[in-house]
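**Q** Okay, here's what each chain looks like letter by letter:
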Amino acid sequence: MVTGRAALLLTLSAATLPLWPSPWLGLAVLTGGVFVLSTVDFVLAAPLRDVELTRDGTRTVRSGETATISLRVANRSPRVLQADIRDSWVPSAGATPAVHRVVVEPGSAVTVETSLTPTRRGDRPAVRLTLRSHGPLRLAFRQRAGRPATPQWTLRVLPRFDSRRFLPEKTARLRTLEGSTVTRGRGQGTEFDVLREYVIGDDVRSIDWRASARRSDVLVRTWRPERDRRVVCVLDTGRTSAVLAGTEPRLDAAIDAALLLSALALRAGDQVDLLAVDTAVRATVSGGRHVLLPRLVNALAPLQPSLVETDFELVVGEVLRRERKRALVVLFTALEPGALGDGLLPVLPRLATRHKVLVAAVHDPLLAEARGDPYLAAAALRTLGERDRVRSALTRHGVEVLDAPVDTFASRVADTYLALKQAGKL
Amino acid sequence: MRRWHRFAIPLGVVALVFAVTGVAYSVNEPDPSDPEFLSPISVDGIGGQRLAQALADRGVRVERETRTPDALVSANQGDATLFVPVPRVVHPDYLAMLRLLPPSTRIVLVDPARQALDDASIPLALVGRRWAARAVAPDCAVDEARAAGPAAALRQRYKGDGVHCYDAGVVRVSWQRADLIVIGASDPFRNDRIGEHGNAALATGLLATRPRVVWLDLHKLEPPPGVVDEPGSSDGVPPSLGEDPRDGEYTEDGGEGTPGEEGDGSGSDSQAGEGSRDSPSASDVDSENPLWNAFPPWFWALLIQLALAAVLLALWRARRLGPPVTEPLPVTVRAAETVHGRGRLYRRAKARGPTADLLRAAARDRLTQLLAPTAGASLVDAAAAAARWDPEQIEGLLDGPTPESDDDLRRLQSDLDALVEAIRRAR
Chain A
1 MVTGRAALLL TLSAATLPLW PSPWLGLAVL TGGVFVLSTV DFVLAAPLRD VELTRDGTRT
61 VRSGETATIS LRVANRSPRV LQADIRDSWV PSAGATPAVH RVVVEPGSAV TVETSLTPTR
121 RGDRPAVRLT LRSHGPLRLA FRQRAGRPAT PQWTLRVLPR FDSRRFLPEK TARLRTLEGS
181 TVTRGRGQGT EFDVLREYVI GDDVRSIDWR ASARRSDVLV RTWRPERDRR VVCVLDTGRT
241 SAVLAGTEPR LDAAIDAALL LSALALRAGD QVDLLAVDTA VRATVSGGRH VLLPRLVNAL
301 APLQPSLVET DFELVVGEVL RRERKRALVV LFTALEPGAL GDGLLPVLPR LATRHKVLVA
361 AVHDPLLAEA RGDPYLAAAA LRTLGERDRV RSALTRHGVE VLDAPVDTFA SRVADTYLAL
421 KQAGKL
Chain B
1 MRRWHRFAIP LGVVALVFAV TGVAYSVNEP DPSDPEFLSP ISVDGIGGQR LAQALADRGV
61 RVERETRTPD ALVSANQGDA TLFVPVPRVV HPDYLAMLRL LPPSTRIVLV DPARQALDDA
121 SIPLALVGRR WAARAVAPDC AVDEARAAGP AAALRQRYKG DGVHCYDAGV VRVSWQRADL
181 IVIGASDPFR NDRIGEHGNA ALATGLLATR PRVVWLDLHK LEPPPGVVDE PGSSDGVPPS
241 LGEDPRDGEY TEDGGEGTPG EEGDGSGSDS QAGEGSRDSP SASDVDSENP LWNAFPPWFW
301 ALLIQLALAA VLLALWRARR LGPPVTEPLP VTVRAAETVH GRGRLYRRAK ARGPTADLLR
361 AAARDRLTQL LAPTAGASLV DAAAAAARWD PEQIEGLLDG PTPESDDDLR RLQSDLDALV
421 EAIRRAR
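If you read the protein sequences in the order shown, they are chains A and B.
Counting from 1, position 191 in the first sequence corresponds to residue 191 in UniProt numbering; the numbering is continuous, with no gaps.
Counting from 1, position 250 in the second sequence corresponds to residue 250 in UniProt numbering; the numbering is continuous, with no gaps.
Calculated directly from the structure, the hints in this document are not laboratory data.
Heads up, a few of these hints could be off.
What the hints assert, rightly or not - Simulated restraints on C-beta separations:
hint : chain 1 : residue 1 : chain 2 : residue 2 : range
1    : B       : E327      : A       : R62       : 16 to 26 Å
2    : A       : R322      : B       : G396      : 51 to 61 Å
3    : B       : E327      : A       : T176      : 39 to 49 Å
4    : B       : D390      : A       : L320      : 55 to 65 Å
5    : A       : A211      : B       : A422      : 55 to 65 Å
6    : B       : H5        : A       : G385      : 43 to 53 Å
7    : B       : P328      : A       : S115      : 21 to 31 Å
8    : A       : G385      : B       : A422      : 21 to 31 Å
9    : A       : R62       : B       : Q393      : 49 to 59 Å
10   : A       : S115      : B       : Q369      : 50 to 60 Å
11   : B       : P328      : A       : G424      : 41 to 51 Å
12   : A       : V112      : B       : N293      : 52 to 62 Å
13   : B       : A307      : A       : D56       : 46 to 56 Å
To be verified - Sample of chain A residues at the chain B side, in silico, Cβ under 10 Å:
hint : residue
14   : A6
15   : A14
16   : A15
17   : L19
18   : S22
19   : P91
20   : A93
21   : A145
22   : T240
23   : V243
24   : V362
25   : D364
26   : G372
27   : R382
The structure presented is a predicted model; accordingly, all values stated were derived computationally and were not measured.
Glycine included, every Cβ here is placed at the ideal spot set by N, Cα and C.
Model the full structure from these sequences, guided by the hints.
**A** Spelled out as structure tokens, the structure:
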């Protein structure tokens, strides 16, 4: 195929036509000349099959940060490769520059770098590489779809985990709960920990008289918060998770809160399992106490909302199947009468009798701001009323319900967890 | 899907029937520009060899002519039948000369179009045309037709002075001096149809009234009659038809010279004037476009080269560096979208009653929550006591009439808010 240079050459050489003895001869000679030059250039361009492309670079990046993927262009042909390379990623990968221009000597290789600033969480694949090999005169080029083969690469964009900033505060409260930072007085836990000898300053109410009678010493009971409890984060990735709460999808808010809760629970010595379900199980992490945060983050990163109705029967079945012991099941979903009333309420008793259930719903902050316009305010009040009905229906089953706007959602979920732990309800 | 089929299939069948009919008809219809068409030497289905043979059997001499001037000259000698199977291709000037033929000459025109009739000044009009020729009884006083009986002569019908046979499919016109027969169907003369009905008798009958037939076997448009500048002759001498110029040598402007006539004919200037109405197409073919010479040749070469450059440019731009990349986009609907939609519906329906009820119910719930411990008496009294407001005003707020306008509604909303706020602050 010819380039713009061939057209330009033909245009400029047309100016000489008045000088030719016979313009028609001139036309034939000039056009033929450009044609011959372009053909020669095409033949002299480096062949595409002798170009080899390989990628290297980072595999994961946190949302909002920039990753660099390098592309190595190896030229095995005996001719110089002058190429334009378009590295096509999906638009949300934010790849720059779009086109690389490289000159590769025969037998050598050149590395170009594409920097990616993804705009969204999830897997961002490299779709296609297109290589255009120019001839030495740049009059013609070789280009063919699928040649050379595109090296595959997928960049996993991890969730931002903005609620990390709450973690020190929540951990401090956890420590207070455990009694490890408050030196005097017993910890406020509810679980019996160990008997030890009485020292002056201990609360006399905690003296275990029966144990003291068996020994010659006065023994006190020490308490600690419940440990080795199980926390199951269940994320609803159905249609209600796709809508925007604030500026990002509801699912992203749920992921953020689930990460904070998991981080906190892991520090508290609980086991964290994770489940993402709509009409099928989309992600699952179960490993008891060996689960580490990076694994959770990695599992949650590629989740995408699907526009289907969540199968709560499946959710309950999966949780019951996986969790034999009593656990805290945190269900991240939306308080929508349609979705929950028809789907969750019929199957909730089965779950609530075995486990402690917390329904955590994030709502659009706009709902609370519906002031000034009476019609909008009335509509908002009506929606709130519907949500209250759902909430009371859930509460009747002994389910804790948390309905919070997006900005405080993660923090409120962590607070509820701490409160439950303090109350020994896990 | 099935509904679509219900209409498409019958319509498709009908369309197919129409298409097949049309194609078959156009295939079967003889093409007059075909050299085989009614040619005395053609044995093809549409040829006329069997007719020529039949005429020869009856002792009639068939003279085949391929140029109109020759045919005219021959027919002009009298005692002949001039048979013109395709009048459409005969030049209008020659058609105009038909009237000059002697009375002893019979002219047979097959299916002349309106233009041909007008050019020859034959006072006949076209009235209706059938899809195909039909055999009908002659039903007239022409001897040849009566002798032939029913024949496939009814196709194009004519109307005018003269004897109408075969339901006006054949008309005998005593026109000027000549004996003219116009027949609207070519079927009686064709090899493949001459054996049907009384076709053979009709065809031979029409053509065999004179001892010889001048058969004009012409199928292409021919050049108009022109003038030959004979070196020896002086100006004003009318050129003769016999020395008609060969193709391509005629002059560009027919009005320059007087188209000649046969010697004994009374060549009139008025008819010569008609000769100037020659076909312009023939003269345009060889003349050059004046625009061509308006610019130097290099200009045209330059133009072509720039056009080629534009083609290269288009080729270059048409090849993209890889196709665009697609990606599913996330949902951009806000969670509160249904709330907004419902609010807009309330507004459009001017649902002030339900809106006010909702606002009042919400305020009542809120007051009940706030005043719960002291709610021994009615809510209104408790609220009035707590907020130190007039009980009637609170009564009007909580149970008043439906607001009449949007302003009233807005006022109600702000008043309710103020009441709740006052009580909240008082607690």
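**Q** Hints first: check each against the structure and report whether it holds.
**A** Going through the hints against the structure:
For E327 (chain B) and R62 (chain A), the Cβ-Cβ distance of about 20 Å falls inside the hinted range of 16 to 26 Å, so the restraint holds. The beta-carbon spacing between R322 (chain A) and G396 (chain B), approximately 59 Å, falls within the hinted interval of 51 to 61 Å. Checked against the hint of 39 to 49 Å, the C-beta distance between E327 (chain B) and T176 (chain A) comes to roughly 47 Å, which is consistent with it. In this structure the hint that D390 (chain B) and L320 (chain A) lie 55 to 65 Å apart at CB holds, the actual value being about 59 Å.
For A211 (chain A) and A422 (chain B), the Cβ-Cβ distance of about 59 Å falls inside the hinted range of 55 to 65 Å, so the restraint holds. For the hinted restraint 43 to 53 Å between H5 (chain B) and G385 (chain A), the CB-CB distance of approximately 51 Å keeps it satisfied. Checking the proposed 21 to 31 Å range against P328 (chain B) and S115 (chain A) shows it holds: the Cβ atoms sit about 24 Å from each other. Distance hint check: the CB atoms of G385 (chain A) and A422 (chain B) are about 23 Å apart, consistent with the given range 21 to 31 Å.
Taken as a hint, the range 49 to 59 Å holds for the pair R62 (chain A) and Q393 (chain B), whose Cβ atoms sit roughly 58 Å apart. For the pair S115 (chain A) and Q369 (chain B), the supplied restraint of 50 to 60 Å holds, since their beta-carbon distance comes to about 55 Å. In this structure the hint that P328 (chain B) and G424 (chain A) lie 41 to 51 Å apart at CB holds, the actual value being about 46 Å. The given range of 52 to 62 Å is respected by V112 (chain A) and N293 (chain B), whose C-beta atoms sit roughly 58 Å from each other.
As the Cβ distance of A307 (chain B) to D56 (chain A) is approximately 49 Å, the hint placing it in 46 to 56 Å holds. Residue-level restraint check for A6 (chain A) holds (minimum Cβ-Cβ distance to chain B is 5 Å; threshold 10 Å). The interface hint given for A14 (chain A) holds, since its Cβ lies 4 Å from the closest Cβ of chain B, which is under the 10 Å cut-off. Annotation: A15 (chain A) was flagged as interfacial toward chain B, and the flag holds, the nearest CB pair being 8 Å apart, inside 10 Å.
Look at L19 (chain A): its Cβ gets to within about 8 Å of chain B, closer than 10 Å, so that hint holds up. Interface restraint check: S22 (chain A) against chain B, minimum CB-CB distance 8 Å, threshold 10 Å, status holds. Because the beta carbon of P91 (chain A) sits about 6 Å from the nearest beta carbon in chain B, less than 10 Å, this interface hint is met. Checking A93 (chain A) against chain B by beta carbon gives a least distance of about 9 Å; that is within 10 Å, so the hint holds.
At its closest, the beta carbon of A145 (chain A) sits 8 Å from a beta carbon of chain B; the interface hint therefore holds under the 10 Å criterion. Taken as an interface hint, T240 (chain A) checks out: its beta carbon lies about 8 Å from the nearest beta carbon of chain B, inside 10 Å. A cut of 10 Å between beta carbons decides the hint on V243 (chain A): the least distance to chain B is about 4 Å, and the hint holds. For V362 (chain A), the interface hint holds, since its Cβ comes within 10 Å of a Cβ in chain B; the closest pair sits about 8 Å apart.
For D364 (chain A), the interface hint holds, the least distance from its beta-carbon to any beta-carbon of chain B being 4 Å, beneath 10 Å. Interface hint status for G372 (chain A): upheld, as the beta-carbon distance to the closest one in chain B is roughly 8 Å, under 10 Å. Here the hint on R382 (chain A) is kept, as its CB sits about 6 Å from the closest CB of chain B, short of 10 Å.
Going through the hint list in order, the structure satisfies each hint without exception.
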